[in-house]
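Participant: Below are the chains, spelled out letter by letter.
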Amino acid sequence: MSELVLNVGPQHPGSGHFRLIIHVDGDTITKAIPDPGYVHRGIEKQAEYREYLQNIPLLERPVISDSNGSVYAYVLAVERLAGLKVPERAQYIRVLMAELNRMMSHLYWLAIYGIFLGHSTMFMWPFGDREVLIDLAQRAMGQRLTYSFFVPGGVRSDLPDGFKDEALRAMEFLGGRLPEYDSIFVSNPLFLDRTRKVGILSREDAIRLGVVGPTLRGSGVDADARKDEPYDAYDRIEFDVATFQDGDCYSRARVRIEEIKQSMRIVKQVLESIPSGPFRAKSPSVLNPQRGNVYARAEAARGTYAYFLTSLGRRMPYRLKISSPSFRNLPAFEFLMKGSHLADMPTIYWSLDYWPLEADR
Amino acid sequence: MTIAEDQEIAKRITQQFPDIKVECPLPNRIDLECPPSIMPTLAAYLRDVEELDHVTSVTGIDYPDTNSIRVTYHLSAYAKPAIRRLVVSISVNLPREQPTMPSLLSVWPSAEFHERETNEMVGVIFEDHPNLNRLLLPEDWNDPPPLRKDFKLRGR
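Residue numbers (the numbering used here), protein chains in the order written: chain A, 3 to 363; chain B, 305 to 460.
The set of hints was computed from the structure by calculation and includes no laboratory data.
Each hint should be verified, as a subset may be incorrect.
As the list claims (entries may be wrong) - BS3-like cross-link-like pairs, simulated, lysine-lysine; straight-line CA separation at most 30 angstroms: (1) A:K199 / B:K325; (2) B:K325 / A:K340; (3) B:K325 / B:K453; (4) A:K47 / B:K453; (5) B:K384 / A:K229.
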């Protein structure tokens with residue numbers, strides 16, 4: 003049969019702008035070429051024209067579903083270069099907010115996975131439930147999605163009064179919802195049929211392609227920056243790295259569901275054990291970090307987010323390289339789609355939780 | 305988990321490659337600097353002996369003052385849990401007019417997209433890379449590579 007070339011996107015329903023060029027023979031994909039760049043905004047270049055603090059709102063823009071996770075490593079990098087010590091309370095608040103964001107991002111992913119697989123109830127539920135977390139975030143950080151809350155030396159403000167009770171109530175609510183998601187979607191025979199043994203990424207291939215985050219952990223590699231190189235309060239908190247062995251779309255989905263549970267566990271621990279004290283170290287409003295390079299990483303919702311920051315001792319960074327999880331997961335598209343059915347394309351696509359803005363920067 | 309362990313690895317690398325510069329500026333970080341011609345041998349050694357199995361980023365930095373472009377690969381390990389804490393970097397300095405270096409794609413397939421990005425953003429040419437087409441920039445981009453310092457943002 004003759005080969006047909008299909009363009010998927012760049013206006014893709016569900017996740018922004020990204021093109022996949024797919025070659026099909028019958029309904030079998032013979033080649034898939036990812037073509038990112040439709041939402042490239044030159045963030046690395048723009049960062050060279052802004053002061054260290056001014057960069058925070060800029061850097062969280064690409065990943066509004068997980069803005070704390072995406073600036074976390076930047077803030078760590080600046081702190082290391084400027085020699086700032088973060089007060090203990092601030093470390094706990096940052097862990098709390100990063101996990102809150104991770105849950106929000108995974109709920110968003112779950113909702114979109116519902117719509118990708120034609121399950122409209124699964125689209126509605128997590129989106130509605132996510133609002134509970136957004137309200138909580140708004141109470142503490144003043145915004146729904148883009149917080150600019152993490153700053154070098156700590157966070158912008160302390161937790162509001164009564165936050166602990168509200169947060170515990172939200173966790174209790176979410177904890178009650180997860181079994182419902184499970185019975186309607188994750189354990190649904192249709193979901194199992196469409197995700198099991200589909201888009202299999204073996205452990206060896208995952209390592210070879212250098213993928214990150216739930217995509218990696220769904221292939222049985224328990225790497226997680228929170229454990230591998232603990233930052234802030236993560237070394238004082240108990241949690242497990244969610245890992246599943248099969249490497250298929252189902253494994254990747256299970257990893258994210260399990261991570262929501264682990265995030266809830268972390269949030270509860272933080273709320274119980276958060277020490278009192280200052281929420282931000284004293285630091286000048288215009289930072290002038292010393293000359294040097296620093297590479298810092300943090301585990302965001304989609305995987306390890308890393309920044310390579312070069313300073314010449316001026317008010318602005320000389321160069322800021324962003325290594326984002328979606329960009330690092332790009333090779334998986336090419337690899338997983340090849341040989342699979344065209345009908346499985348959306349299943350594989352969203353099992354990678356690809357966020358075009360994060361990849362393009 | 306200690307600086308001593310980092311230094312042991314650094315010492316091992318120095319014994320194998322006496323000519324390269326090795327530094328451990330912070331815990332869990334080892335920075336190497338070498339001439340471009342040694343890159344493939346050093347990379348193969350780091351993959352096979354030190355078990356650094358993937359590339360996490362490739363950065364090109366333009367230094368017009370010294371007329372050079374510095375390319376840095378950041379490497380890390382997945383398969384061996386004990387060294388997942390490490391981030392090892394290899395840097396090379398290339399002349400600005402002719403920034404050419406061997407591609408490390410054959411050593412680490414995970415470098416593919418990172419090298420493509422560095423190619424279009426900084427103008428570094430990776431020899432033997434099978435596909436150095438535009439990745440993030442528009443297909444008809446004709447200006448200099450945007451992350452070179454002589455590319456200025458307007459109004460800033």
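Participant: Could you work out which earlier hints the structure fails to respect and list their numbers in ascending sequence?
Facilitator: Going through the list in order, the structure violates hints 1 and 2 and respects the others.
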